[in-house]
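Q: Using the sequences plus the hints, can you model the full thing?
Number of protein chains: 2
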Amino acid sequence: MAKKKVHITELVLRDGHQSLIATRMRTDDMLPICGKLDAAGFWSLEAWGGATFDACVRFLKEDPWERLRKLRRALPNSRIQMLLRGQNLLGYRHYPDDVVRAFVQKSADNGVDVFRVFDAMNDVRNMRVSIEAVKAAGKHAEGAISYTTSPVHDIPYFVAMAKELEAMGCDTLAIKDMAGLLTPYSTVELVKALKAAINIPIHTHSHATSGLASMVHMKGVEAGASMIDTCLSAFSEGASHPTTESLVAAFQGSDYDTGLDLGLLQEIAAYFREVRKKYWQFEMDSHQVDTRILTSQIPGGMISNLSNQLKEQGALNRMDDVFAEIPRVREDLGFPPLVTPTSQIVGTQAVLNVLTGERYKSVTNEVKNYLLGRYGAAPGKVNEEVKKHAVGNQEVVTCRPADLLTDELDKLRTEVEGLAKSDEDVLTYAMFPDLGRTFLQERAAGSLAPEPLLPPEAKNAPAGGAQFAPNEFKVTLH
Amino acid sequence: MAKKKVHITELVLRDGHQSLIATRMRTDDMLPICGKLDAAGFWSLEAWGGATFDACVRFLKEDPWERLRKLRRALPNSRIQMLLRGQNLLGYRHYPDDVVRAFVQKSADNGVDVFRVFDAMNDVRNMRVSIEAVKAAGKHAEGAISYTTSPVHDIPYFVAMAKELEAMGCDTLAIKDMAGLLTPYSTVELVKALKAAINIPIHTHSHATSGLASMVHMKGVEAGASMIDTCLSAFSEGASHPTTESLVAAFQGSDYDTGLDLGLLQEIAAYFREVRKKYWQFEMDSHQVDTRILTSQIPGGMISNLSNQLKEQGALNRMDDVFAEIPRVREDLGFPPLVTPTSQIVGTQAVLNVLTGERYKSVTNEVKNYLLGRYGAAPGKVNEEVKKHAVGNQEVVTCRPADLLTDELDKLRTEVEGLAKSDEDVLTYAMFPDLGRTFLQERAAGSLAPEPLLPPEAKNAPAGGAQFAPNEFKVTLH
Ligand SMILES: [Co+2]
Ligand SMILES: [Co+2]
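From first to last, the protein sequence lines stand for chains A and B.
Position 175, counted from 1, in the first sequence is what the working numbering calls 175; the numbers after and before it change by one each time, with no gaps.
Position 410, counted from 1, in the second sequence is what the working numbering calls 410; the numbers after and before it change by one each time, with no gaps.
Think of the hints as simulated: they come from the structure by calculation, not from any bench.
Please read all numbers here as calculations on a predicted model, not as lab measurements.
Just to be clear, a hint being listed does not mean it is correct.
[As the list claims (entries may be wrong)] Cross-link-like lysine to any residue pairs, in silico, SDA-like; alpha carbons within 20 Å at most:
id, chain 1, residue 1, chain 2, residue 2
1, B, 459, A, 458
2, A, 36, B, 277
3, A, 459, B, 281
4, A, 368, A, 355
5, A, 277, B, 287
6, B, 4, B, 262
7, A, 459, B, 277
A: Next up, the structure:
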């Protein structure tokens, strides 16, 4: 067999800390090790996007654009990769195309080399403009499949989507398994089918939650995947990703040898082990492998969110009923992947269906919008009866949702005139209007202050640590 | 490809808790779940031997034979498996053959079906009598290779050993990777070579320390291994083993499908998750993957033991020197695998070599005995200069060490006359003369009391938890 080097995307600066310490790692803890990270020889370093933008503005009171510029300077020889939610960018609504184009261009200008673009519904119409913008900026576009399992999510479905992404100009294709649902042999089938259908390289991303991801990467590589996502041991495993050092060691000496230096990786991991200790207050108590998602289809983060919702209602004893209701609601909605925002949409409706004692007696606005096509096309057929009950004869959006939006950039500029010092500032405000405005105001006033980190001594106080960790990020965009 | 069902050995009752909570799980925490464990359909349940016998007598004040009988009654449909250190049985010296034969026969009588037999030196002469005794008792003999890496431990070495074990009548062959040194593709080479040389089924055992073990099992199975060792998620990963549920899920639907019910396994794991909480005081702070063993060759448990030794001498700053000295001492001794007792022998001598400022200025008795052949044959050539310096012209044992021992059982019986109520009691005394006698005396006096478990509230006391965990078991027989 010919040598077929595996390429590594290192996740410690983004998905690793997003998955394990609620995206709280500060830029100051990243920069001192960038020299070594830059020298390691990764294919790319995922370091921006996902929930990092939100966490910077909301909790760390850091300018996310400034973080990107600092990382760019500190990583002169590396590809910086970001995760982008297509037409949602890094916010929580659909943006008009002018905002999408501006955001991608500014991300490129400030340092992003590789853009991984996905859509929660796998509706490629929601990905097209951002992919075009990446190519227009001369950067690397990676189209991502949001992997899930359902009667409609079969191999032909994913192959058809991959072909569309390739046709849109994507340079690589990512299989994004945000919940850890891929199994090694299902990966082989999927990768082989994709290799037969498309010519661009394949990149695998699979969370370690269910203890399968290292095997998934290995079998994916044997089947023809070229790049794998891993995280250095200090922020690996559990809700995060398989360990970089382990995968490098696994392939060492084989035809797939990554060529990376295990000793250097261990040094970098040792640095991050110390860093992680500072953030103990954000640790979730979830170090053990949990395969329940494979039988329940319900992501771990969604479970903790639901139990909080039920607790507030004094109805924690209805958890099993909610668990049984979730797959039914998901089916009624045409089997969306359970990832932000669809996981919240499905989960909240399931809770209502159980607590009101009658299915769809009360219907959330999000479910109504979903049924009206405002998030994009459902993967499968929606339940027409439920739809009729929920939205009656209201007109359903069949075009791309953003086609209904008009350009906003000028309006946004006007709204933050005086506060915004740059287009980047305008885009920060666009992502999070309230939060972004407050951020810009505090910056102007010189009063930006990050949420405090509890000192190590506080760790053994009777209150314990786990309850400090917020849940809101657990169901978010991996 | 023909269906090739993978068989699972479940480790939660032995290696799982030995690796993660210092072997402290009590029989009372095992019995309530045995009904479900018995129904799960494992190839075997490892439940006895290793360090459990010692822990029962030393800490839990349980009669280990009584535990075995209780498990036997509670697991009527399961094969109970034990780990046996060949001529060392479950103690810390070589026993004469009559004691070995009696111990194996009594283990079989009380409920063991499968005996995994190994020797720290891989000297099959130290395994022969116990394997013969297993066959004489009509039970399943599994000969184990202690896997390590060194210039002498190449594939032909392990193949030759495996052929000897097969010729001795072993029913299966185990590859026992106690430190997590196997990589997936080295496993393929080893398993393929073994399959070509022997006819008995191959069983893989690989600790998860370095994050490679699930891949090791998967590639081992693809190369022809028939049985794999895994542990339910409540006691899996880290210093323990890959997760049972994950491997079952990994193979589900493939040609290797285990046929086990994931839902039932999740139920059993949920039970053990609660059990584990009771033993928090014995948790080691080692949940993260650590690949350093792959570069340093020094097992994690050995590192913590060494740092304790150095701390006592006020010489923690010499750690790096000791790390560099260990491979040199190991080479001088002909590359023994680093496992009890050789890990202590090598480690302690390395510390002396560094602290005295002169290599072998002081030589431990254990090193002298090692060089005199009293542990068996060294895998490679020993350094003749070191040997001459350490033991001069003393006569070297070239026969099997136990050939120099005379039968002891009658003498042992006499020594504990009155206290021992059965041959099992005599064997308990034979394993641990002081501890065993005390145990039998306390049992007679009705004063047996297990070491106390700290209440959950104590967990958050300022003293923290990790330091309660003793180190002595970390370098012990996995
Ligand atoms: Co992710
Ligand atoms: Co073991």
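Q: Report the numbers of all earlier hints that the structure fails to satisfy, in ascending order.
A: 2
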